[in-house]
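Put chain B on the given structure of chain A with help from the hints.
First to last, the protein sequences are chains A and B.
Per the numbering used here, the very first residue in the first sequence carries number 1; after that it's consecutive.
Per the numbering used here, the very first residue in the second sequence carries number 132; after that it's consecutive.
A few of these clues could be false.
[Unchecked claim] Each computed DSS-like pair below joins lysine-lysine, with the alpha-carbon atoms no more than 27 Å apart:
id, chain 1, residue 1, chain 2, residue 2
1, B, Lys-193, B, Lys-395
2, B, Lys-193, A, Lys-12
3, B, Lys-164, A, Lys-12
4, B, Lys-408, B, Lys-395
5, B, Lys-481, A, Lys-76
Hint data in this document are derived by calculation from the structure and do not stem from the laboratory.
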Amino acid sequence: MREIASGLLYSKDHEWVRIDGTECVIGISDHAQNSLGDIVFVELPALDDEIDAGDEFGTIESVKAVSSLVMPMSGKVIEINEALDDEPEMVNDDCYGAGWIIRIETANMEEQAALLSPEQYEAFLAEEEPE
Amino acid sequence: MSELKTTPLNETHRQLGGKMVDFAGWEMPIQYKGVIAEHKNTREAVSLFDVSHMGEIYFEGKDALTNLQKLTCNDVSKMQIGQVQYSALLYENGTFVDDITVYRLAESSYFLCVNASNVEKNFLWIQSHLQGDLLCENRSSQIGQIAIQGQKAINVLQQISKESLEEIKYYWFREMELCGFPTTVARMGYTGEDGFEIYCPQEHTVAIWEALMEKGQSFGIAPAGLGARDTLRLEVCFPLYGQDIDDQHLPLEAGLGRFVALEKGDFIGKDILQKTKKEGIQRKLIRFVLDVRGVPRSHYLIYDAEGQRSIGEVSSGTSSPTLGKGIGMGYVPIEHSKIGNKINIQIRNKMVPASIVKPPFVTI
Chain A
1 MREIASGLLY SKDHEWVRID GTECVIGISD HAQNSLGDIV FVELPALDDE IDAGDEFGTI
61 ESVKAVSSLV MPMSGKVIEI NEALDDEPEM VNDDCYGAGW IIRIETANME EQAALLSPEQ
121 YEAFLAEEEP E
Chain B
132 MSELKTTPLN ETHRQLGGKM VDFAGWEMPI QYKGVIAEHK NTREAVSLFD VSHMGEIYFE
192 GKDALTNLQK LTCNDVSKMQ IGQVQYSALL YENGTFVDDI TVYRLAESSY FLCVNASNVE
252 KNFLWIQSHL QGDLLCENRS SQIGQIAIQG QKAINVLQQI SKESLEEIKY YWFREMELCG
312 FPTTVARMGY TGEDGFEIYC PQEHTVAIWE ALMEKGQSFG IAPAGLGARD TLRLEVCFPL
372 YGQDIDDQHL PLEAGLGRFV ALEKGDFIGK DILQKTKKEG IQRKLIRFVL DVRGVPRSHY
432 LIYDAEGQRS IGEVSSGTSS PTLGKGIGMG YVPIEHSKIG NKINIQIRNK MVPASIVKPP
492 FVTI
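Next up, chain A with everything else stripped away, as it sits in the complex (with noise of 0.2 Å):
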């Protein structure tokens, strides 16, 4: 089983978010960084860059495939992990702590109820990977 990490939100695209404020911190889910294998490169958004839940915010690649990052919520991107440019291995090492991706000023803060609670993403993973 994959490490779902307390405290957060996550979305079907195996995105977490980590609310702060107006703020939030998001990354990519255990779940999804094992999916994916090593990870060789994270593109990631400029600053400034205003992105719509659901869009595209980046891509990720391991050596076997690339993946897009799919924003969980609406925003302002107003900083990004620059650490993961040369060392991109951070989101399978630690993929909710050193390995986020970007933080975002929110737009809309009622989105996140269309986020899933740790416990219904796990049911949500187990829904679409019966194991």
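Here is chain B on its own, set in the frame of chain A:
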């Protein structure tokens, strides 16, 4: 995945934590711990690969040589008993049916090792061209195959062999007992490293694998999957059938001219290759390194230096674990193929600059 074919090591892979995928109709491990770790372990120590999905087609009898000379593009008459030869089955138009290795077992006895995805196609192709007195048999399902690759491969294999493995030269083989079972051990591989490919009766594959894993512990042995096999072969520019070579390209375009023996007698595809050699090829398989971060992948478009005109398509690409850079191959018109030339790879909506380099990407 119930309809997928399995190798004798299927259960072993699961116990080792292998992530199983569909590869050409076979359920195979793409990785165990991770592609990069398995890649590096092969470059630095030794890895075991299950390649039992590969096919083996036997040629035995008085006319075996004559038929192989006609069916394959390299010169089989030059082979000694115990020797292996890289070669190809070609269509009349000179493109690939498959790339293969030919093993000479005895005076008039040979077998071909062929790609898993092509076993049935090859066997039908071969059968439709056989002439004279010989037995041609597809024994793929009876034979297991393990590749042990890396600088420590010889040390590990020596633990279970009474033969002096040091005496086996590159692209030669010997028949020997391993764990009391009859095997064929060839010094070669698909990684660029020193190593051996072991053919054995399929029912003894697990026993030999387990003995190698046990004896290899102190040498750092670990299993490696198809993911690492692909990054390893790409770093040393070995072509993969279905990506870098196929029924659309000639061996001369793929840079494999040295395996085409135009001076031998008639063989299928010879006329067009002779003509092409005289007139010159129009396109060529190039190797490129991305100048910036990114990962090129199969079917991405290749553009000219200005990023204006599409000139080809990536046949294989990856992120090189050794170089930490995006590497790839692809066919481009001959006028764009010079080493040092700048090209662009379209990655999603961006032009990513790349440079054409001399193969291989990594020198072992």
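Hints and how they fare:
Straight-line distance between C-alpha atoms of Lys-193/B and Lys-395/B comes to about 19 Å, which keeps the hinted pair within the 27 Å bound. In summary, the hint linking Lys-193/B to Lys-12/A is not supported, as the alpha carbons are separated by about 65 Å, beyond the 27 Å threshold. Pair hint Lys-164/B plus Lys-12/A holds up; C-alpha atoms about 26 Å apart against a cutoff of 27 Å. For the hint linking Lys-408/B to Lys-395/B, the alpha-carbon distance of about 15 Å falls within 27 Å, and the restraint holds.
Taking the CA atoms of Lys-481/B and Lys-76/A, the gap is about 23 Å. The hint holds against a cut of 27 Å.
Comparing the model with each earlier hint shows a violation of hint 2 alone; every other hint is respected.
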